[in-house]
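Construct the complete structure from the given sequences, taking the supplied hints into account.
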Amino acid sequence: MLAWTCRDFYADQGIALAALYLGDFEHPLHVYARWDTWAFDASGWNLESELLQVNSDFEGLPVRQVETITSDLREFCEEHVHRQPHQYWADPTERARAYVARYDPPWL
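Be aware that the sequence shown starts at 18, since it is given in my numbering, and climbs by one per residue.
Here are the computed distance ranges between Cβ atoms for each label pair:
1. Thr110 with Gly77: 30 to 38 Å
2. Glu43 with Glu111: 28 to 36 Å
3. Ala107 with Leu78: 26 to 34 Å
4. Glu84 with Leu64: 12 to 20 Å
5. Ala59 with Gln101: 12 to 20 Å
6. Ser88 with Tyr27: 16 to 24 Å
7. Ser66 with Thr87: 18 to 26 Å
8. Val71 with Arg119: 17 to 25 Å
9. Glu43 with Ala115: 28 to 36 Å
10. Cys94 with Tyr27: 20 to 28 Å
11. Tyr120 with Glu76: 19 to 27 Å
12. Tyr27 with Asp108: 14 to 22 Å
13. Glu67 with Arg119: 16 to 24 Å
Keep in mind the hints are simulated off the structure, nothing from the lab. C-beta: ideal position from N, C-alpha, C; glycine also.
Dropping the structure here:
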């Protein structure tokens with residue numbers, strides 16, 4: 018949800034979405050927005066290389082694949098067994114927008 022919100026929030030910046038696969042897991046363990054060499058997730062903007070290393074170190078698993086996401090949020094959630102926004106106790110959209118706005122993007 019946060020990655021899609023970031024992409025929509027900065028629609029003119031060409032932000033892509035990425036799914037991080039570690040080890041032998043069938044589904045991605047992390048999804049984030051990416052711009053140039055930067056990544057945006059719940060930790061704000063960080064170098065993508067650092068995000069990959071931190072996740073690999075934390076999980077104790079190698080990065081198997083980073084896949085560019087081309088599906089919309091609904092399709093991605095269905096394919097990877099994730100909750101969709103309407104399945105949360107409250108719509109997370111406004112909260113996600115406020116969170117994205119808290120962090121200055123790297124192009125500023």
